[in-house]
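Chemist: Here is what each chain is made of, one letter per residue.
2 protein chains.
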Amino acid sequence: MNEQPAAGQPVASEQGQMLQGLLRTSIDLGSMRDRQELLERILSEARRLSGAEAGSLYVRAGDQLEFALAQNDAIDVSEIARTYLGHRLKIDTRSLAGFVAHTGRGLNIPDSYHLAPGTPFRMNRDFDAASGYTTASILALPLTCPDGEVVGVLELINRLDPAGGRVPFPDKDSAALTSLATLAAVNVHNALLIEELMEARLDTIMRLSVAAEFRDKGTARHINRISGLSALIFETLGLGAEQVEMIRHASPMHDIGKIAVPDSILLKPGKLTAEERRIVETHSVVGAQILGDPKNELMAMARDIALSHHERWDGKGYPHRLGGVKIPLPARAVCLADVFDALASERCYKQAFPMGQVIDIIRSEKGGHFDPRMVEAFLEVTDRFIATYQGEQLAPD
Amino acid sequence: MNEQPAAGQPVASEQGQMLQGLLRTSIDLGSMRDRQELLERILSEARRLSGAEAGSLYVRAGDQLEFALAQNDAIDVSEIARTYLGHRLKIDTRSLAGFVAHTGRGLNIPDSYHLAPGTPFRMNRDFDAASGYTTASILALPLTCPDGEVVGVLELINRLDPAGGRVPFPDKDSAALTSLATLAAVNVHNALLIEELMEARLDTIMRLSVAAEFRDKGTARHINRISGLSALIFETLGLGAEQVEMIRHASPMHDIGKIAVPDSILLKPGKLTAEERRIVETHSVVGAQILGDPKNELMAMARDIALSHHERWDGKGYPHRLGGVKIPLPARAVCLADVFDALASERCYKQAFPMGQVIDIIRSEKGGHFDPRMVEAFLEVTDRFIATYQGEQLAPD
Chain B
7 MNEQPAAGQP VASEQGQMLQ GLLRTSIDLG SMRDRQELLE RILSEARRLS
57 GAEAGSLYVR AGDQLEFALA QNDAIDVSEI ARTYLGHRLK IDTRSLAGFV
107 AHTGRGLNIP DSYHLAPGTP FRMNRDFDAA SGYTTASILA LPLTCPDGEV
157 VGVLELINRL DPAGGRVPFP DKDSAALTSL ATLAAVNVHN ALLIEELMEA
207 RLDTIMRLSV AAEFRDKGTA RHINRISGLS ALIFETLGLG AEQVEMIRHA
257 SPMHDIGKIA VPDSILLKPG KLTAEERRIV ETHSVVGAQI LGDPKNELMA
307 MARDIALSHH ERWDGKGYPH RLGGVKIPLP ARAVCLADVF DALASERCYK
357 QAFPMGQVID IIRSEKGGHF DPRMVEAFLE VTDRFIATYQ GEQLAPD
Chain Y
7 MNEQPAAGQP VASEQGQMLQ GLLRTSIDLG SMRDRQELLE RILSEARRLS
57 GAEAGSLYVR AGDQLEFALA QNDAIDVSEI ARTYLGHRLK IDTRSLAGFV
107 AHTGRGLNIP DSYHLAPGTP FRMNRDFDAA SGYTTASILA LPLTCPDGEV
157 VGVLELINRL DPAGGRVPFP DKDSAALTSL ATLAAVNVHN ALLIEELMEA
207 RLDTIMRLSV AAEFRDKGTA RHINRISGLS ALIFETLGLG AEQVEMIRHA
257 SPMHDIGKIA VPDSILLKPG KLTAEERRIV ETHSVVGAQI LGDPKNELMA
307 MARDIALSHH ERWDGKGYPH RLGGVKIPLP ARAVCLADVF DALASERCYK
357 QAFPMGQVID IIRSEKGGHF DPRMVEAFLE VTDRFIATYQ GEQLAPD
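Chains as they are written, first to last, in my numbering: chain B, 7 to 403; chain Y, 7 to 403.
Just so you know, not all the hints are guaranteed correct.
[Said to hold, decoys possible] Derived Cβ-Cβ restraints for the label pairs, each shown as a range: (1) Y/G110 with B/M129: 23 to 29 Å; (2) Y/P360 with B/K96: 56 to 62 Å; (3) B/A122 with Y/R41: 46 to 52 Å; (4) Y/R30 with B/G110: 42 to 48 Å; (5) B/A280 with Y/V291: 34 to 40 Å; (6) Y/V291 with B/E155: 48 to 54 Å; (7) B/M129 with Y/D177: 35 to 41 Å; (8) B/R88 with Y/T125: 57 to 63 Å; (9) Y/D98 with B/D98: 20 to 26 Å; (10) Y/E201 with B/E155: 16 to 22 Å; (11) B/K96 with Y/N130: 45 to 51 Å.
[Said to hold, decoys possible] Simulated pairs of lysine-lysine, DSS-like, Cα-Cα distance not exceeding 27 Å: (12) B/K274 with Y/K274; (13) Y/K277 with Y/K322; (14) Y/K277 with Y/K356; (15) B/K301 with Y/K301; (16) Y/K332 with Y/K372; (17) B/K96 with Y/K178; (18) Y/K332 with Y/K322; (19) B/K356 with B/K332; (20) B/K322 with B/K274; (21) B/K301 with Y/K332; (22) B/K277 with B/K332; (23) Y/K322 with Y/K274.
Bear in mind the hints are in silico, worked out from the structure with no lab data behind them.
In this text, a Cβ means the ideal position worked out from N, Cα and C, and glycines have one as well.
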């Protein structure tokens, strides 16, 4: 076996160092879970390899390209970039990035203010106008997977010579840059697939949870609000992004057990008898049965929420009269979100309470109906709570 | 910019070639969607780099290790490997692979039949006994992600010297092998994540679809069967794996619209009036509403199925009296699966038909109720159809 150095060990030649660097980058890119972090790293590596002062990155979104990132060593572009974030371009020959994605070919433009005659696309000058920066030379590369799929476009802007002067990019792309573009494409593709699967999962949960509420409230809004409000509480409590996303996905299923409550009780306009009340309350246990034998953490959290979101901090709730920290944390959060939503909304049997009164009721139930920590989190971000309640669509779009 | 060669271009040094090869492997591994193909490539690359005649690969599954793959250049081990596939080991110090995963440390064993005194684990000799092969030298490496998570174990077996003699592995792992192990870990981790998300998605759909059927049939079995039978029809029609998996996930939601049918009708023991029948039949349109505005291909297929699984090939179905190829293909497949399941099963208002009679009815409805192609597919695999109906749990376990 040859004892050859690879990533992480010294190598002799310049070429070996370059390859070693790419290999290290490859491992890093594959490990990154956060899409924005991944894109930042791709763009900064590409700029380093090409000597570009600035750059932008577009990511494919369906049949369009979405502006995802700008970097610039000369001026602070974060403000301007933010306003363009999510801006979409058609994949056709009318824009530079669109052209590159459409044709799958890289473009080397010595001076973007003097395009060759017959160039099919027009340069968008908005960014230069807003920033005062001059985009002279551009090297635009498609991020192409080995199977030929283009998942994004890299724009490298203003190559700097050793003296700091702005010069065109060389005619021939370096092999390192070509390799990086392929590596970047593979990793962006994987990140998009994972994102897509996560969004599709939330979409499925939302639809089917709404279906379960169909007979009851007939609207997706309640489900969406509980999802957003519960996630906001978890975020305010300082829980990590993973837990926040998990409660966002698990909470919509809290009332799934209502499926088993007969119409005659669920839709009864008047006051329920004690027996009818008992039957309605079975929805928490039935919900836990439907979500029982969980195959993953998300379903385990959903089951805990379905079972215990009507438990009270003071032990007077149902079905098991659990109190305090015996109630799973996610159920305590959804409990407050659910009561808040019920108070603030109009129902067939009641008017909506004014928001001031809703807040007073929540505050007065600190340590009674609700975990004091949940009430504190609510009071800390009441404005965001109300904004979330009042209509952000929190399902993925 | 330095014009340096990278993956795909000639380089001068041996070390450069090795790095270039790893970079190419890195791109390939990142692009592989099929888990088994990915593992095959990892093991064969690792064997090539280490000169190993044989090797095995274990992948982490929860708190255990699962045997996933064996390769051997000396003898055909495919039969024996198949019998061990899916076999699980505890992650502790009692087995070689368990030890490596538990400690996160590689092990170099010159001769597995003469372990050093004090070695905590015992060698499992079953494979050697079954194959007649002698596992002498072993180099066992953990597949460790950059964050320290071990996702698998690589066992390289019997290093060959240039003359083909079996010799121990060198004391120091080559840097190339170390890099490959990290690359492999990152890619296996991503593949497992994608698999997990897909399985979790099916699990969610199954649970919530079952919930929607709760009032009607009260069982997960019908849903599971429709899923499996529809997938089997698609497979028999020769559709690709992606479409087969898609109908497996989309078909369980076919009756979701029944949520809107009142108990008084849905649970009525006797014959329905014409008006009640009309209300029951709304479930296809309501289902399509719930699944409407699809965010992805899966939901689009689910909507088509919900809307059109009661259409008939002869145009006499509902809700739109579509006929022939105007009915979406997935709905035609689910239609046959649903009718088959209804005929073969006992319901509150009827006995189960004997299987022979069920087959006759399906055959007789070729070109009537059913698309002739669906009936032909059914007749081609009737035995597998019946086996699937009779109880394979087709949800992921």
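Chemist: Next step is simple, just say for each hint if it's right about the structure.
Modeler: Consistency of the hints with the structure:
1. Y/G110 with B/M129: 23 to 29 Å: violated (53 Å)
2. Y/P360 with B/K96: 56 to 62 Å: holds (60 Å)
3. B/A122 with Y/R41: 46 to 52 Å: Hint holds: Cβ distance 47 Å, inside 46 to 52 Å.
4. Y/R30 with B/G110: 42 to 48 Å: violated (20 Å)
5. B/A280 with Y/V291: 34 to 40 Å: holds (38 Å)
6. Y/V291 with B/E155: 48 to 54 Å: Once the Cβ atoms are compared, 37 Å apart, the range 48 to 54 Å for B/E155 and Y/V291 is violated.
7. B/M129 with Y/D177: 35 to 41 Å: violated (60 Å)
8. B/R88 with Y/T125: 57 to 63 Å: Since B/R88 and Y/T125 have Cβ atoms about 59 Å apart, the given range 57 to 63 Å holds.
9. Y/D98 with B/D98: 20 to 26 Å: Violated - the Cβ-Cβ distance for Y/D98 and B/D98, about 59 Å, lies outside 20 to 26 Å.
10. Y/E201 with B/E155: 16 to 22 Å: Since Y/E201 and B/E155 have Cβ atoms about 21 Å apart, the given range 16 to 22 Å holds.
11. B/K96 with Y/N130: 45 to 51 Å: violated (59 Å)
12. B/K274 with Y/K274: holds (20 Å)
13. Y/K277 with Y/K322: Given pair Y/K277, Y/K322 holds - Cα atoms ~21 Å apart, limit 27 Å.
14. Y/K277 with Y/K356: Judged against 27 Å, a Cα distance of about 12 Å means the pair holds.
15. B/K301 with Y/K301: holds (25 Å)
16. Y/K332 with Y/K372: holds (17 Å)
17. B/K96 with Y/K178: Violated: B/K96 and Y/K178 sit about 54 Å apart, past 27 Å.
18. Y/K332 with Y/K322: holds (13 Å)
19. B/K356 with B/K332: violated (32 Å)
20. B/K322 with B/K274: Roughly 25 Å separates the two Cα atoms, so the pair holds.
21. B/K301 with Y/K332: It is violated: about 39 Å lies between the C-alpha atoms, which goes past 27 Å.
22. B/K277 with B/K332: violated (31 Å)
23. Y/K322 with Y/K274: At roughly 25 Å apart (the allowed maximum being 27 Å), Y/K274 and Y/K322 satisfy the hint.
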